[in-house]
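Undergrad: Chains A and B supply the protein sequences, listed in that same order.
Just so you know, we're using numbering that gives the first Met the number 0 here: the first sequence kicks off at 0 and counts up by one.
Just so you know, we're using numbering that gives the first Met the number 0 here: the second sequence kicks off at 0 and counts up by one.
Hints were generated in silico from the structure; no laboratory data involved.
Possibly wrong hints are sitting among the right ones.
With the Cβ distance kept under 8 Å, some of the chain B side facing chain A (calculated, not the full set) [to be verified]:
1. G15
2. R16
3. Y29
4. Y103
5. E104
6. D105
7. R107
Listed next, the stretches of chain A that the computed footprint assigns to chain B, with coverage defined by at least 3 CB atoms under 8 Å from CB atoms of chain B [to be verified]:
8. 18 to 24
9. 93 to 104
Beta carbons are placed, not taken as given, at the ideal position from N, Cα and C, and that holds for glycine.
2 protein chains.
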Amino acid sequence: MVKKGKTTSKRYRFKGRIWIEGEGGTFLGYGRVVLLERIKKYESIAGATRSIGMSYRHAWDLVKSMNSQSEKPLVTAFTGGRRGGGARLTPDGEKAIKLFWKFYEDFRNFLQKEEMKFRI
Amino acid sequence: MVKKGKTTSKRYRFKGRIWIEGEGGTFLGYGRVVLLERIKKYESIAGATRSIGMSYRHAWDLVKSMNSQSEKPLVTAFTGGRRGGGARLTPDGEKAIKLFWKFYEDFRNFLQKEEMKFRI
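Bound conformation, chain A alone:
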């Protein structure tokens, strides 16, 4: 059987990595956004870190970095409740997640489109 018209989009894969920088370096990236999602889910930084195997100290540094670079914080502490408090996303935190995944999706579409155009 003769294989005809093998497309180069199969031969080559277009790859990339994206992130958003603020005044103090990285502001949002894949790992940070996953951390935000877990904080939302567990309502706690400790719970979030346990679920992704990240050190509490590192997670705390990332949250501080995001909070200090955005106009309003993305994560806030709350007290009270059954477990005596925790951490929650602010509306801007929720927005950051949505906007980043949109950026990410647009990027994947961009790569796919570019890959289709590539002929060598």
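Starting from the known structure of chain A, fit chain B onto it as the hints suggest.
TA: Here is chain B on its own, set in the frame of chain A:
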């Protein structure tokens, strides 16, 4: 003076890195394409590496990697001439440079467009 309407496109910078993978890992990336351009300019791998401070061995590995992953080689050796030979780009080598820079430029435009949309 009151500064009004500060855009977030100034607050945040959208960043990224792109490359093209073949069957054996990376096929084309920023550094590889610059190497191809220098080979074209100096008609020699040794000359190219001197101009960018890369070891000959590393450059040779990159050329082998690119040649083996493309349908036809991107770089070929030639003999003769004043200096007794050297290396030249093939038509596909020339095409690879052009296509990669187009991809790169499209990516920069993509990032700029995404950055303008971002409001947090």
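Undergrad: Taking the hints in turn, state whether each one holds.
TA: Going through the hints against the structure:
At about 4 Å, the closest approach between the beta carbon of G15 of chain B and any beta carbon in chain A falls short of 8 Å, and the interface hint on this residue holds. Interface hint at R16 of chain B: satisfied, since its Cβ lies 5 Å from the closest Cβ of chain A, which is below the 8 Å cut-off. The restraint placing Y29 of chain B at the interface with chain A is violated, with a minimum CB-CB distance near 11 Å, outside the 8 Å limit. Against a cut-off of 8 Å between C-beta atoms, the interface hint on Y103 of chain B is violated, since the closest Cβ of chain A lies about 10 Å away.
A distance limit of 8 Å between C-beta atoms decides the matter here; for E104 of chain B the minimum to chain A is near 11 Å, and the interface restraint is violated. With a least beta-carbon distance of about 6 Å to chain A, the hint placing D105 of chain B at the interface is held under the 8 Å criterion. Among the interface hints, the one on R107 of chain B is violated; its C-beta lies about 11 Å from the nearest C-beta in chain A, farther than the 8 Å criterion. Figure legend: the stretch 18 to 24 of chain A, annotated as covered by chain B; annotation consistent (5 residues with Cβ-Cβ distances under 8 Å, at least 3 required).
For the stretch 93 to 104 of chain A, the proposed coverage by chain B is satisfied: 4 residues have a C-beta within less than 8 Å of a C-beta in that chain, meeting the threshold of three.
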